[in-house]
Amino acid sequence: MEYAQFIIIIIFSPLVNGVIKKLKAHMQGRSGPGVLQPYYDLLRLLKKDMVISNVTTWVFRSTPYIVFLSAVAAAFIIPVITTNYTFSMLGDVIALIYIFGLARFFMALAGLDAGTAFGGEGSSREMTIAILVEPMIMLSIFTAAISAGSTNIARIAETQGMFYSPSHVLAFAAFMVAVIAETGRIPVDNPDTHLELTMVHEGMLLEYSGRYLALMEWAHYIKQMVLFTLAADIFFPVGIARDLSAAGLGLSAGLYMCKMLALVFIMALVESTRSKMRFFQLPSLLGGAFVLSVLSLLTYIMMGR
Amino acid sequence: MKDWIDAFYVIDFLSVGILLTALAMNGLNRLESCVKAYTTNSWLLSLLIVSVAFMIGERHLYLAGIISLATKGVIIPLFLRKIVRQIKVTHEVEPYISNALSLTISGILVAVVYASLKEGIFVTGFSRNVLQISIAVILIGLFIMITRRKAITQVIGLLFMENGLFLAGFSLTLGMPTIIELGVLFDMLMGVIILGIFAVQIRRTFASADLDRMTTLKG
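Line by line, the protein sequences are chains A and B. So that you can map any letter, position 233 of the first sequence is 233 in our numbering, and since no number is skipped, the others follow by simple counting. So that you can map any letter, position 194 of the second sequence is 499 in our numbering, and since no number is skipped, the others follow by simple counting.
Simulated from the structure, these hints should not be mistaken for laboratory data. Just so it is clear, the structure is predicted and the values come from calculations on it, not from any experiment.
If you want the ones that stay clear, here's a sample from chain A, every Cβ over 12 Å from chain B, calculated:
1. Ala-73
2. Asp-243
3. Val-270
Pulled a few chain B residues facing chain A out of the computed Cβ check, cut under 8 Å:
4. Tyr-314
5. Asp-317
6. Phe-318
7. Thr-409
8. Val-415
9. Tyr-419
10. Gln-437
Backbone N, C-alpha and C fix where the C-beta goes; we use that ideal spot for every residue, glycine too.
Whenever a hint applies, use it, and build me the whole structure from the sequences.
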């Protein structure tokens, strides 16, 4: 049964997004849509007919499935509430990042496929951001991986202690910037609207409708929750269950919920207090975060902790 | 208290904070933010000295910490802020190289320092890490001095270098004699005041705080 923990991510990922939206609305003094709104949106989209441009090729039609399945695969190999699960052998950080890379590659292709200006713009921007974000996410995870002696996520989660050294704090800061960039949140991209000329993620999805759009949106929610879970596993693995006893799993699930809420709160806070950056200012932010992640690795090597 | 300092890596955090505030200088364009970065740097430096004093129980280190807090953490930042307001220049417009590039180069500087001081240092314990960080801070301060145009940012670069030197001396000798520290601090205070007055004069004479304009002095 323990391999079924990925279902938690698949089912609750729209809820996480709903909670972020609700919190954000509260911070900005609005009442906002209910936390279940993403579910209603997905259901509505799943029922609707699709309009597909007749210039598109198989890339456009297969991309939603590839993106969704790679998000599910990423959820498969990551420890959620227990580190003792069947797929822990496959749960490698580098594999996880390249699963995301596969999804991103096809999404960029699909953005180009329909031949609209916005899709191409979104794709080119997404790839530019990816170039800056991927090494950053790698280096910040490597800091934790070196101290664990393994790039396996379950092993990393088992070996991290309660006390944090400077290198871990730096790596966490860099990782959070990477998560913001990867999930398309506010200093990098605006998730709420596709009415902006500066859109990145929404630009690539502009041609999709109905069932395909639902799959793409859901995949995005899953990716977001997988990244949050990765942050929790690598930087705050306190209390994650190592066996399959009911008490351990219960405690782990409770703590997991608290960690998710904390991360959701951070995201909502960042989104409400920052304004979106101009695209050409992004290298400055992401470059700074990249230096942070390099520094975390160097500090770990120098101080040995 | 001793155990707490060890258990929560207080000294490591403070020294990494010192390095971070020096690195942050490369990403800042507003002059007041630069002054703030320097202030934070000095506060962290003084805290580091005080927490080391806690650990090894040396009384003259408390004095050194408090004096450096008073001068570097309070008087010099206030004076710098006054100058920034007086010369009415708020931004470092177009530094010689872009922020992202200068951040990257400073990161490389840190890596070079760490790599070259990895072996063959005779100091041990916490001093080892602090020494490496202090040398990195000195180099970053020098780098800021040579890449910025405005007189005031160059002064701040010099002050960062001085903080790094102070830290290096501290990590090697666990505090120089108090009289020398007092002398150095007083020297620096005077230096900053003179440089500040110069900055105002430059601004008044050339109607710009840009040091490149000073080449028109010749002939």
